[in-house]
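A.B. asks: Chain residues, written in single-letter form:
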Amino acid sequence: MTTATRPKRGPVVFRPDDPAVVPAPPQPQDESGTGAEVTPIVAPPPRRRGLLGLLAAAVAGLVVLGFGYDTALLVAALFDDSIALGTIGAALAAVVAVTLLVLTVREVRGFLRLRHIDDIRRLAERVHADAADRAAADRAMAELDRLYAGRPDLDWVRARFNERRADAADARDRLALFEQEVLRPLDARAQQAIGRTAQATAVFTAISPFVALDILITSWRNLGLLREIAACYGGRPGLAGSLSLMRRVLVNLALAGGLQAGDSFAHDMLGGGMAARVSTRLGEGVVNGLLSVRVGVAAMKLCRPLPFDRAPEPNVRDMAAHIVNELRKRL
Amino acid sequence: MKLTDFTDPIGRVFDDMVETAEGLFETTVRLGVTGLSGAGKTVFITSLVHNLMRPGRLPLLDAVADERFEAAILRPQPDPGVPRFDYESHIAAVQANAPHWPESTRRISQLRLSIRYQPRSFVRRQLYGSTTLNLDIVDYPGEWLLDLPLLGRRFADWSREVFEMCEHEPRRRLSAPWREYAGSLSPDGPADELTVQRCAALYTDYLRAARADGARLSRLQPGRFLMPGDLDGSPALTFSPLPPSDGHRHGGRHTLWGLMESRFEAYKDVVVRPFFRDHFARLDRQVVLVDVLRTLNAGPASVADLRAAMAELLDCFRPGRASWLWPLLGRRIDRVLFAATKADHVPPGQHDRLAELVGGLLFDPMNRAAFLGAEVETMALAAVRATREARARRDGEALDCVEGVPTDGDAAVIAFPGELPASFAEIDPDAAEAYNFMTFRPPAGAGRDGRGLPHVRLDRALQFLIGDLLE
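Protein chains in written order, with our numbering: chain A, 1 to 331; chain B, 1 to 471.
The set of hints was computed from the structure by calculation and includes no laboratory data. Be careful, since some hints might not be right.
[What the hints assert, rightly or not] Among chain A residues calculated to face chain B with C-beta under 7 Å, some are:
hint: 1; residue: GLY10
hint: 2; residue: VAL13
hint: 3; residue: PHE14
hint: 4; residue: PRO16
hint: 5; residue: ASN162
[Stated by the list, open to error] Computed beta-carbon distance windows for the label pairs:
hint: 6; chain 1: B; residue 1: ALA201; chain 2: A; residue 2: VAL22; range: 52 to 60 Å
hint: 7; chain 1: B; residue 1: VAL123; chain 2: A; residue 2: LEU100; range: 55 to 63 Å
hint: 8; chain 1: B; residue 1: ALA266; chain 2: A; residue 2: GLU313; range: 42 to 50 Å
hint: 9; chain 1: B; residue 1: ARG173; chain 2: A; residue 2: ARG15; range: 34 to 42 Å
hint: 10; chain 1: B; residue 1: ARG124; chain 2: A; residue 2: PRO312; range: 36 to 44 Å
hint: 11; chain 1: B; residue 1: GLU88; chain 2: A; residue 2: ARG189; range: 38 to 46 Å
hint: 12; chain 1: B; residue 1: ALA444; chain 2: A; residue 2: PRO312; range: 35 to 43 Å
Ideal placement from N, C-alpha and C gives every residue a C-beta, glycine not left out.
My request is simple: use the sequences and hints to build the entire structure.
C.D. replies: The structure is reproduced here in structure tokens:
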């Protein structure tokens, strides 16, 4: 027999009224009224930018300083002229300052929310690797509850989930159940958004008179799609958050070779002869539509608080086929 | 070689062909619920039926999750000669005011559950609308299962095996009276019915003692000695192994050896072969239920015995990839689930370990099934969940516990059963100190919310076993 490497924990039986018994298994609070503000679990890692960063920061500082100084001078001059003008000037300056502050806070919070979702996903992956990791499981569940606490549109599905959460065999199954009950409807919503955007991009590209215009419109639409998907899963990023999300999406697509694949794929979908026969414009439209699909699917993976486990990962091919069919009907 | 050795496969192929013809309209799948006595076959089947008829607790079964599952009902089984599985009284036992587990199974029974569902594929949905899947399940006393390996044995080989096993404790101690008596007999002497009866009775006593809670051994053959059914007292059930002796020939039908041997053969022909042919030779899917916890309670000797018994037993089945040639080759079991039952008796954090233990215990049969092309999976499950999660502290250390009403008590207790070993190699010789896996009663008011009985991973198990057929 092998020697025990560590002392085994022997069996023990408690009465329910034993003080050693912890009252109830810690159920995460499921009501929205906890009042807790969403806080990030992990602070965003510091960015290292080197000299260029220093330069940019210095320039930005100078600009802010310049504007501030100018404004201060302006307000002072206005006050010299007349009290009324000065008051108006000061009020406007205050409005600008406060608005800027609010916008910044909002952007930062949007950013943090996205990171928060990343953290939940990381926790869920830990639980998936080891269902006994109770700390990760409890936290992932609590964070998920908090993330969706303020969403009246999800009240019903969340109530259903809460009713059934005790059925789950372990932490892993509980997350699977959450995915099944709460995230699936969101997946469907996100996929609808993707379909809508992809069609709109495709049609617009096909009929737009200038190439430059449709590049602009496509990018704009895709950015909107990103925001819609992120908002759907609870991310609600601001402008900066959306841009950073877009960067990650594009990086993901580039790594997966998704950007180039569009052309040959459109060719497949339309059938060899078809692609040649239809106008170039239509072909470009399809390619742009497919790009939207890819962007959308990549965004779903990045914005979803749980990895695709229970629900099927959205299939780019299926969605694309659907969109091409729609296009054929319309054009 | 017997004639039946040749005709059986032919009959089997014919049966398969008839079913193929039927299968053009409805799919039928035969699920083999395999497990030794006390592994929880009856409760598994009962909970499976209850849950499929009220699919409110099967979120991880895809057909239910996609809302393609329409309804399931019990229908008359295809085999009119076999009693119907007494679902109603089993469920009544579990849902009674004083809930208790169904009594141990004494005879074979069968049921057919028909599931109506929408196919996932658009084309099939347009062609057929909703479709029916028939799930045929057989319940039987687990003791009988270990007769299957006897089919490949001759009396002399089997006798030698039994006596070899009896050289180790605890069998050595338990079998002493029988071995003493059998040793005093002369195999070449004339056969006397009373002697034979006494020998068989002593052998049966030994089997009973070996099954009892103290030893909890698994490899007990022939199974009908423990659970005779309607064959009690018949000659086919009145024999015992005889001490192997080299050198002399056991010729003659009228010697003791000759009589025992002919009865052994009769047992195989009358009892085992029909059982195997009618219920096990034509399975499509198989779930192997193993009660690891109770075996662990009894110690390493019991575990080793369980391992040997399961290996020997699972050798009798024919796993492999189902091929389009199957009307010619016979059916194959193309998915096998190896499940540790009663997972609700340990806290959820230990479920993975429980599944790994089963994987380690049944490694060889699993490997063989996988090699032959069957899909295999291990899982820790509980057909009926009798406990809840709870937490307690001891010496400042948090313990994940389970809370339930023990079978021998009236009030709920919160139990920490000890930590499962990481593998069977690490079982403490004095396991009694290390674990205490209690047994719990069925939960009060189970399934009264209109959904199925609470369970642990029954939906995952179903998804693996029949999920692909509900596509």
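A.B. asks: Each hint should be assessed against the structure and marked as holding or not.
C.D. replies: Tested hints:
The interface hint given for GLY10(A) holds, since its Cβ lies 6 Å from the closest Cβ of chain B, which is under the 7 Å cut-off. The beta carbon of VAL13(A) is positioned within 7 Å of a beta carbon in chain B (closest approach about 5 Å), and the interface hint is therefore held. Satisfaction of the interface hint for PHE14(A) is found here, the shortest Cβ-Cβ separation to chain B being roughly 4 Å, below the 7 Å cut-off. Given the 7 Å rule on beta carbons, the hint for PRO16(A) holds: about 6 Å separates it from the nearest Cβ of chain B.
Hint status for ASN162(A): violated, given a least beta-carbon distance of 13 Å to chain B, over 7 Å. For ALA201(B) and VAL22(A), the hinted distance range of 52 to 60 Å is satisfied, since their beta carbons lie about 54 Å from each other. Distance hint check for VAL123(B) and LEU100(A): the Cβ-Cβ separation is about 58 Å, which falls inside the suggested range of 55 to 63 Å. As the Cβ distance of ALA266(B) to GLU313(A) is approximately 59 Å, the hint placing it in 42 to 50 Å is violated.
The given range of 34 to 42 Å is respected by ARG173(B) and ARG15(A), whose C-beta atoms sit roughly 38 Å from each other. Checked against the hint of 36 to 44 Å, the C-beta distance between ARG124(B) and PRO312(A) comes to roughly 18 Å, which is inconsistent with it. Checked against the hint of 38 to 46 Å, the C-beta distance between GLU88(B) and ARG189(A) comes to roughly 44 Å, which is consistent with it. At roughly 38 Å, the beta carbons of ALA444(B) and PRO312(A) sit within the given window of 35 to 43 Å.
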